[in-house]
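Enquirer: Listed here are the chains, written in short residue letters.
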Amino acid sequence: METTLFYIFAALTLLFGFLCVANPFSRNPVTSAMFLVLTMISISGLFILLQAFFLAAVQILVYAGAVMVLFLFVIMLLDLKEAEHTHVRKVALVTGLVSVMGLGVMLVLSIAGSGIVEAPAKRAIGDTKLLGQLLFSKYLLPFEIVSVLLLVAMIGVILLSRKEAK
Amino acid sequence: MDWINNLIAGLSAGQQLALFSLLKILAAIFLVLLPIVAYTVLVERKVSAFIQDRVGPNRTAPPFIKYLPVIGPLLQRLGIFQPLADGLKLFLKEDFSPSHVRTIYFWLAPVLAMVPALLTIAVIPFGSKLGAEKMVIADLNVGILYTFGIVSLSVYGIVLAGYAANSKYPFLGGIRSSAQMISYEIAMGLSVIPVFMMVGDLNLGAVIDYQAKHGWFILYAPVSFAMFLVAAFAETNRLPFDMPESESELVAGYNTEYSSMKFGLFFMGEYAAMVAVSGMMVTLFFGGWTLPFWGLDQPATSLLLSAAHIGVFLGKTLGLLLLFIWVRWMLPRFRYDQLMDLGWKRFIPLGLANIVVTALVLLLLNRN
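Going down the list, the protein sequences come from chains P and W. Following the working numbering, the numbering of the first sequence begins with 2 at its first residue and continues without gaps. Following the working numbering, the numbering of the second sequence begins with 5 at its first residue and continues without gaps.
Just chain W, same shape as in the assembly (with noise of 0.2 Å):
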């Protein structure tokens, strides 16, 4: 360690933010984020399963791995190794490009759909302190307005991908998606903002904060957080408010077209943007990385609190991404004019009352 201690404290401050946000960021993606989108998507073909009284993928492992006692079989039941086998599956498939699409679009769609998801992670305190270092990758005193900033921007990939594929389907698809998103958009906006009354900052760690003194958000802003709820889904094209690629209408929707990698980049990017949805839910509503017992609401002071801090975290949001999948494989899809009634009919009268009755909830209370 004492190597280490050395390097760090030869750097200028400018270089160690760099080389510790550095750090965090590729933590973050490729140790945290990546894995736990592999294994949602084994979980989502799980839990389908069980809904659905099948058995799920149980038949993948590599050679030789049953011959290992008990633990073997156990895993290749559990399906362990299928989301490796998708994963070289998407890679190695050909990446066909139909003659009848706009290629730089056609290559960039994919990518603007993965980035948004992964951009959004960066503000949201995934732990209270490792060492000196905050446990969060860029700490914006604008942080939410930041991350509906970057939320608004994910429905270019999808309508990108529309126009680029120069066919029928995937052109509803991206159209419906861009005016689904929009709508969705101003509720979601509309829903967090009685939380950011009570505090009295933009930024998440003061949420976290807050909540950790005085209770979490779901009890103090059941309707945000209902609201929130709903708009997510919409939000991040889950069923019952896929329609951007409802299959039974749409073939595939916005990704009809692609194949391979490009396809996977799609996919990958729907659950990211499920993960970091979550995390801003559990940010918001659920206390972030506290609990309100074992004095796991205090920044940490050892090593064992702040990896405790990060489990608690990763916990809920898991718990959270469960409810999504869920919800999938219970409800069917909504009808499109549906969608758009309960966007702006609802919601948004609903979510313009619950800010005034906050406003004047606070003002009640401030004045005694």
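Chain P extracted, bound-state conformation (with noise of 0.2 Å):
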């Protein structure tokens, strides 16, 4: 029942990708931002397969609910057309393939060196309580340097979109 359920979520959450970026169908904004929102759905579901329940709703409520709304927005706002085509540049080109293999390098690296855990990480990922303790225990400073990042995030943000003081 598990080892089905995982196929379908993992085969609509690659399915699902796929159709957010490279549409054969459509070429709308609107369509792949949608189909970003299937995609962040599938892998909740595939974190309710590991009993992640906290992060499965988390998932859903900051990058369904949340971050996609707000592509939504800007989208309907720039009132963006239908993509073309377009050149490729050969600059995009160097640097999107060398930023992909190194995430594939990261990913590859991290899933070997981690072996497959059993039991206990499932326990320890499910329950709220269990979160917060190791957040702000044995991983506070990654924790805090992410807040930190975040923090520097706004500020830019805002910095960037103060108008021009006289």
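Derived from the structure by calculation, the hints contain no laboratory data. Take these hints with a grain of salt, some might be off.
As the list claims (entries may be wrong) - Listed below are the simulated SDA-like cross-link pairs for lysine to any residue, each with C-alpha atoms no more than 25 Å apart in a straight line:
#1 P:Lys130 to W:Ala357
#2 P:Lys130 to W:Lys217
#3 P:Lys130 to W:Asp143
#4 P:Lys139 to W:Leu206
#5 P:Lys139 to W:Lys172
#6 W:Lys172 to P:Leu79
#7 P:Lys164 to W:Ala183
#8 P:Lys139 to W:Gly204
#9 P:Lys139 to W:Phe200
#10 P:Lys164 to W:Ile179
#11 P:Lys164 to W:Gly204
#12 P:Lys130 to W:Leu206
#13 P:Lys130 to W:Leu366
#14 W:Lys172 to P:Pro25
#15 W:Lys138 to P:Ile49
#16 P:Lys164 to W:Ile186
#17 W:Lys172 to P:Val75
#18 W:Lys172 to P:Ser33
#19 W:Lys28 to W:Gly315
#20 P:Lys130 to W:Asp213
#21 W:Lys349 to P:Leu47
#22 P:Lys130 to W:Leu144
#23 W:Lys172 to P:Leu71
#24 W:Lys93 to W:Ala126
#25 W:Lys349 to P:Leu71
#26 W:Lys349 to P:Val22
#27 W:Lys349 to P:Val68
#28 P:Lys130 to W:Ile179
#29 W:Lys349 to P:Leu152
#30 P:Lys91 to P:Pro25
#31 W:Lys349 to P:Pro25
#32 W:Lys138 to W:Leu309
#33 W:Lys172 to P:Glu3
#34 P:Lys164 to W:Lys349
#35 W:Lys28 to P:Ile49
#36 P:Lys130 to P:Val75
What the hints assert, rightly or not - Computed far set for chain P versus chain W, every beta-carbon distance over 10 Å:
#37 Leu6
#38 Leu62
#39 Leu78
All C-beta atoms, glycine included, are put in the ideal place defined by N, C-alpha and C.
Each chain sits in its own coordinate frame; assemble them with the hints.
Expert: Written out as structure tokens, the structure reads:
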């Protein structure tokens, strides 16, 4: 049962992800955004199968519910027309390939490095209390670094969007 | 009753769960939610009539009902049959799609407007127990996060309706709605954190147990309740925050191009969302299905008691619905920038302060 569901959700995630970036039927940005929403929802299905209910709920709350709504908001505000097949610049191609390869290497290394862990980790990601305690003890430093990073991004946005002071 | 018991005993645990869940879903939607939605519309019309010194719907009745002595004319004057006529009218109207709409989204949007409200109902405990069954459809250990996740999806119905209609006013309505819902989601999320800090559990059943022991949260967390209430008005697009459809500026906002049952789904979706958010408020701040007297705060032991619990829950929910309706006809609409200012510059700092103060108080109380 769980294995079947895993394959269903994994296939859906990949399918929706593919339709988001390379939809052969439509080059409409809103359609892409909606497929990204569906991708997020399928990913949260995978989290539920891992019994990580907290992550599943947060995945929908933050990504599907907030981030993607802002995406839609911007797409609609800018009134983007259907994207045409544009000429791919060399710089974009090179940087794109390099970052994809970098991410791929990171992914493979971290999966290979961690090994397959069973039960105890499973319990920890499902339990909100344990998750909070781990974040504020074992993983305090990375947690705080991420917070500072977010703060810097927020201040950066405010600075960029601020009207010129006379 | 015997053959039912035998039938149930013959099923495996998984089958029983599926059967009872299905029964609860069907009962909650078709016996409770949809009738409440229909009659909330009637109450809305009657209350608005009362406030504006009119009579309200008092003519609709099936033929011959007026020949019933006393009861017939009374029901007719109360407008009891009006929702039936309204529903029939919505179904029979021409389902017209303007030629300039984006067809797929035009069909998808009304569905997405209705579904989130139905999904939210799933985690709200609407009673204690009926026999051995807990009266909640899905007893999740992250109940409140699930609710917020689903509520955050409810914006898509409106935004896509605005986009699908492909014309000016719906588009403006959709854009307004996306900004408004995002802003007030944050305020809403921040407002309930103190409640869960006190309970120490994200499960909604645990919240009710805590309130049965210690008293309702409206007494402990009035600031949270006030913020949640205002945010709920914004999230359900009700006056004084009905910017996405404000008739005087945007014709009818996001649903301008809709007719017949597609419009009906938006309409029902709004009321279903009101019912869901009222149920949430009852659960979080008014003790859910409990009452502090007559021993109604313990899980039910008899059929009568469990019925009483469900009745208590529904009664409280209806009270809050009445508040929603009352406010709609008493307050004028906010301006859009006022709405945004209130959300970002007042509620978010207030919510954060509320969390810090609650944390300090809890810390001091636990130290002693």
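Enquirer: Taking the hints in turn, state whether each one holds.
Expert: Hints, verified against the model:
1. At most 25 Å may separate the alpha-carbon atoms for a hinted pair to count; Lys130 of chain P and Ala357 of chain W meet this at roughly 22 Å.
2. A distance of roughly 22 Å separates the Cα atoms of Lys130 of chain P and Lys217 of chain W; the hinted pair therefore holds under the 25 Å criterion.
3. Proposed proximity of Lys130 of chain P and Asp143 of chain W is supported: the alpha carbons are some 18 Å apart, at most 25 Å.
4. Between Lys139 of chain P and Leu206 of chain W, the direct Cα distance comes to roughly 23 Å. Compliance with the 25 Å bound is thereby established for this hinted pair.
5. With a C-alpha separation of about 53 Å, the suggested pairing of Lys139 of chain P with Lys172 of chain W is violated against the 25 Å cut-off.
6. With a C-alpha separation of about 14 Å, the suggested pairing of Lys172 of chain W with Leu79 of chain P holds against the 25 Å cut-off.
7. Simply put, Lys164 of chain P and Ala183 of chain W have alpha-carbon atoms about 21 Å apart, close enough for the 25 Å limit, and the pair holds.
8. Our distance criterion of 25 Å between C-alpha atoms is met by Lys139 of chain P and Gly204 of chain W, whose separation comes to about 21 Å.
9. Proximity of Lys139 of chain P to Phe200 of chain W is assessed by CA-CA distance (about 24 Å); at most 25 Å being required, the pair is judged to hold.
10. Restraint check for Lys164 of chain P and Ile179 of chain W: the C-alpha separation of about 23 Å stays at or below 25 Å, so the hint holds.
11. The straight-line distance between the Cα atoms of Lys164 of chain P and Gly204 of chain W is roughly 44 Å, outside the 25 Å bound, and the hint therefore fails.
12. Restraint check for Lys130 of chain P and Leu206 of chain W: satisfied, since their Cα atoms lie roughly 10 Å apart, inside the 25 Å limit.
13. At roughly 17 Å between alpha-carbon atoms, Lys130 of chain P and Leu366 of chain W fall within 25 Å of each other, so this suggested pair holds.
14. For a cut-off of 25 Å, the pair hint linking Lys172 of chain W to Pro25 of chain P is broken: about 29 Å separates their Cα positions.
15. Distance hint between Lys138 of chain W and Ile49 of chain P is fulfilled; the C-alpha atoms sit about 22 Å from each other, no more than 25 Å.
16. Distance hint between Lys164 of chain P and Ile186 of chain W is fulfilled; the C-alpha atoms sit about 24 Å from each other, no more than 25 Å.
17. With a C-alpha separation of about 16 Å, the suggested pairing of Lys172 of chain W with Val75 of chain P holds against the 25 Å cut-off.
18. The straight-line distance between the Cα atoms of Lys172 of chain W and Ser33 of chain P is roughly 22 Å, inside the 25 Å bound, and the hint therefore holds.
19. Between Lys28 of chain W and Gly315 of chain W, the direct Cα distance comes to roughly 16 Å. Compliance with the 25 Å bound is thereby established for this hinted pair.
20. Our distance criterion of 25 Å between C-alpha atoms is met by Lys130 of chain P and Asp213 of chain W, whose separation comes to about 19 Å.
21. For the given pair, Lys349 of chain W sits about 37 Å from Leu47 of chain P by alpha-carbon distance, which is inconsistent with the 25 Å threshold.
22. Using a Cα cut-off of 25 Å, the hinted pair Lys130 of chain P and Leu144 of chain W holds, with the two alpha carbons roughly 15 Å apart.
23. Our distance criterion of 25 Å between C-alpha atoms is met by Lys172 of chain W and Leu71 of chain P, whose separation comes to about 20 Å.
24. With a C-alpha separation of about 30 Å, the suggested pairing of Lys93 of chain W with Ala126 of chain W is violated against the 25 Å cut-off.
25. For the hint linking Lys349 of chain W to Leu71 of chain P, the alpha-carbon distance of about 19 Å falls within 25 Å, and the restraint holds.
26. Between Lys349 of chain W and Val22 of chain P the alpha-carbon distance is near 37 Å, which puts this suggested pair outside the 25 Å criterion.
27. With a C-alpha separation of about 21 Å, the suggested pair Lys349 of chain W and Val68 of chain P falls inside the 25 Å cut-off, and the hint holds.
28. For the proposed pair Lys130 of chain P and Ile179 of chain W, the alpha carbon gap of about 37 Å is over 25 Å, so the pair is violated.
29. Restraint check for Lys349 of chain W and Leu152 of chain P: the C-alpha separation of about 18 Å stays at or below 25 Å, so the hint holds.
30. Taken as a hint, the Lys91 of chain P and Pro25 of chain P pair is honoured in the structure, with Cα atoms around 24 Å apart against an allowance of 25 Å.
31. In summary, the hint linking Lys349 of chain W to Pro25 of chain P is not supported, as the alpha carbons are separated by about 44 Å, beyond the 25 Å threshold.
32. The suggested pairing of Lys138 of chain W with Leu309 of chain W holds, with an alpha-carbon distance near 13 Å, which does not exceed 25 Å.
33. This hinted pair does not check out: Lys172 of chain W and Glu3 of chain P have alpha carbons roughly 47 Å apart, beyond 25 Å.
34. Our distance criterion of 25 Å between C-alpha atoms is met by Lys164 of chain P and Lys349 of chain W, whose separation comes to about 18 Å.
35. The hinted pair formed by Lys28 of chain W and Ile49 of chain P meets the criterion: a straight-line CA distance of about 22 Å does not exceed 25 Å.
36. Between Lys130 of chain P and Val75 of chain P the alpha-carbon distance is near 36 Å, which puts this suggested pair outside the 25 Å criterion.
37. Annotated as non-interface, Leu6 of chain P keeps its C-beta farther than 10 Å from every C-beta of chain W; the closest such distance is 14 Å.
38. Interface exclusion of Leu62 of chain P from chain W breaks down, the closest Cβ pair being 4 Å apart, not more than 10 Å.
39. Listed as a non-interface residue, Leu78 of chain P fails to keep its Cβ farther than 10 Å from every Cβ of chain W; the least gap is roughly 6 Å.
The structure fails hints 5, 11, 14, 21, 24, 26, 28, 31, 33, 36, 38, 39 (numbered hints given earlier, in ascending order).
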